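These protein sequences, in sequence, are chains A and B.
With full-length UniProt numbering, the residue at position 6 of the first sequence is 6, and numbering never jumps.
With full-length UniProt numbering, the residue at position 83 of the second sequence is 83, and numbering never jumps.
Keep in mind the hints are simulated off the structure, nothing from the lab.
Keep in mind that the hints are not guaranteed to be accurate.
What the hints assert, rightly or not - In silico lysine-lysine, DSS-like type, Cα no more than 30 Å apart, as pairs:
(1) B:Lys159 / A:Lys108
(2) B:Lys226 / A:Lys34
(3) A:Lys218 / B:Lys78
(4) B:Lys78 / B:Lys159
(5) B:Lys34 / A:Lys53
(6) A:Lys220 / A:Lys108
(7) A:Lys53 / B:Lys220
(8) A:Lys53 / B:Lys159
(9) A:Lys226 / B:Lys53
(10) B:Lys34 / B:Lys159
Everything numeric in this text was worked out from a predicted model, so none of it was measured.
Protein chains: 2
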Amino acid sequence: MDNLNLGRHISGQFNEDLERVINHVMHMGGLVEKQVSDALVAVAEADEDLARKVLSNDFQINSLEVSIDDECTRIIAKRQPAAGDLRLIMAIVKTIADLERIGDEAEKIANVALESFSGDYKALLLSLENLGNRVIEFLRATLDAFTRMDAETAISVHKSDDKVDREYEALMRQLMTYMMEDPRSIPQIMSVIWSARALERIGDRCQNICEYIIYFVKGKDVRHLKAEDMKEL
Amino acid sequence: MDNLNLGRHISGQFNEDLERVINHVMHMGGLVEKQVSDALVAVAEADEDLARKVLSNDFQINSLEVSIDDECTRIIAKRQPAAGDLRLIMAIVKTIADLERIGDEAEKIANVALESFSGDYKALLLSLENLGNRVIEFLRATLDAFTRMDAETAISVHKSDDKVDREYEALMRQLMTYMMEDPRSIPQIMSVIWSARALERIGDRCQNICEYIIYFVKGKDVRHLKAEDMKEL
Numbered sequence: 001m002d003n004l005n006l007g008r009h010i011s012g013q014f015n016e017d018l019e020r021v022i023n024h025v026m027h028m029g030g031l032v033e034k035q036v037s038d039a040l041v042a043v044a045e046a047d048e049d050l051a052r053k054v055l056s057n058d059f060q061i062n063s064l065e066v067s068i069d070d071e072c073t074r075i076i077a078k079r080q081p082a083a084g085d086l087r088l089i090m091a092i093v094k095t096i097a098d099l100e101r102i103g104d105e106a107e108k109i110a111n112v113a114l115e116s117f118s119g120d121y122k123a124l125l126l127s128l129e130n131l132g133n134r135v136i137e138f139l140r141a142t143l144d145a146f147t148r149m150d151a152e153t154a155i156s157v158h159k160s161d162d163k164v165d166r167e168y169e170a171l172m173r174q175l176m177t178y179m180m181e182d183p184r185s186i187p188q189i190m191s192v193i194w195s196a197r198a199l200e201r202i203g204d205r206c207q208n209i210c211e212y213i214i215y216f217v218k219g220k221d222v223r224h225l226k227a228e229d230m231k232e233l
Numbered sequence: 001m002d003n004l005n006l007g008r009h010i011s012g013q014f015n016e017d018l019e020r021v022i023n024h025v026m027h028m029g030g031l032v033e034k035q036v037s038d039a040l041v042a043v044a045e046a047d048e049d050l051a052r053k054v055l056s057n058d059f060q061i062n063s064l065e066v067s068i069d070d071e072c073t074r075i076i077a078k079r080q081p082a083a084g085d086l087r088l089i090m091a092i093v094k095t096i097a098d099l100e101r102i103g104d105e106a107e108k109i110a111n112v113a114l115e116s117f118s119g120d121y122k123a124l125l126l127s128l129e130n131l132g133n134r135v136i137e138f139l140r141a142t143l144d145a146f147t148r149m150d151a152e153t154a155i156s157v158h159k160s161d162d163k164v165d166r167e168y169e170a171l172m173r174q175l176m177t178y179m180m181e182d183p184r185s186i187p188q189i190m191s192v193i194w195s196a197r198a199l200e201r202i203g204d205r206c207q208n209i210c211e212y213i214i215y216f217v218k219g220k221d222v223r224h225l226k227a228e229d230m231k232e233l
């Protein structure tokens, strides 16, 4: 947390508030990462118990979102932070909204593990593996950049979403071909397609979080910037 | 804006700030609604020019998000609002994030209008019409609840997402059947499926906005509440 400059605050109480809320976000991030990776294992191994665990754990993430949000509002009301401190809190409020939705995507993936895939189509589930690994890696790097509030890492992680998108597009082409060759497989392949889409959206949400980190550190809102302009940072 | 109680603020300047930012959100909401309805007309009438207009207008929504966000942060820093006022500003920050993403969904729909649908499949595009009308209605009701900061309306609008979901599921079943009957149609039907999905997501985002309105008016975070608990409100 070197970029947080926690030392510079006159009020020790404010430091404690900030540190506590950041720890809660990190805890939430860890849970979300676990949900995504458990959902992917549940799909790959057709593990229904694990899938049910993912579904029943989602409430923890939801209630963390609500409580952290509340914590942030209370910090603003009590400490009246300005400039960088306020930017940090706004970045946290947005980050947890995206984390919560990554949790929802994990839920969607876990639901696919509960569907009964007959023998022939089980191999399909494995096709999600590459994309899934790529997305988990991306999510980890994003959470790491958040923990250290490191804009340089955030910028380079942000760019790597291209790789997720390329992997996603390759998988989609493959799945469309399968469907055309064997129309009976369509309902099952559509389930795989929804999972792939969920993974791709997790990538987008990681990109959002990277943008909030950059906004906090650089004081510059980089959402909707073109790739070249991002490069200039 | 009767629920905003703008009269009760001692600082006239603060009232002006609030009124200005709310007007900007309403302007943004109007633009977003126009983008969605234009995208749907572009699809139904295979109107490429209109689709291109939707794509080129998206930047306006993006820059409104960034500028309103900035405005909110400045109001917090300058006026140090507490309680209801702070809740209102937090609700606005979240609302514009959802509005911006509704704009992105409109873009996805407009892209479908640019694909060349050969004669047989044109009818498919019309299948989006019912769902599209339902979603536009939903979005309008949401923006109306926002304008009046009316929690009762927000609660009843929130519930009506069920209708969008039912319409969406009926359409998806129909599209899956088409694909299975005529596998050559798969690529084109997939485009329609992505549009249907975009519409369904717009419904979800309207629900989010309703939740922020309820949070502001009732001071209660109703995200992740079960339907029965929502009813109790």
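Tested hints:
Taking the CA atoms of B:Lys159 and A:Lys108, the gap is near 22 Å; set against the 30 Å cutoff, the hint holds. Among the hinted pairs, B:Lys226 with A:Lys34 is consistent with the structure: their alpha-carbon atoms are about 25 Å apart, no more than 30 Å. Only pairs whose Cα atoms come within 30 Å are accepted, and A:Lys218 paired with B:Lys78 is accepted, the gap being roughly 21 Å. The straight-line distance between the Cα atoms of B:Lys78 and B:Lys159 is roughly 37 Å, outside the 30 Å bound, and the hint therefore fails.
About 42 Å separates the Cα atoms of B:Lys34 and A:Lys53, which puts this hinted pair outside 30 Å; it is violated. With a C-alpha separation of about 34 Å, the suggested pairing of A:Lys220 with A:Lys108 is violated against the 30 Å cut-off. At most 30 Å may separate the alpha-carbon atoms for a hinted pair to count; A:Lys53 and B:Lys220 meet this at roughly 29 Å. Proposed proximity of A:Lys53 and B:Lys159 is supported: the alpha carbons are some 28 Å apart, at most 30 Å.
For the suggested pair A:Lys226 and B:Lys53, the alpha carbons sit about 19 Å apart, so the restraint of at most 30 Å is met. As the CA atoms of B:Lys34 and B:Lys159 are separated by approximately 24 Å, the hinted pair is consistent with the 30 Å bound.
Of the numbered hints stated above, those contradicted by the structure are hints 4, 5, 6, listed in ascending order.
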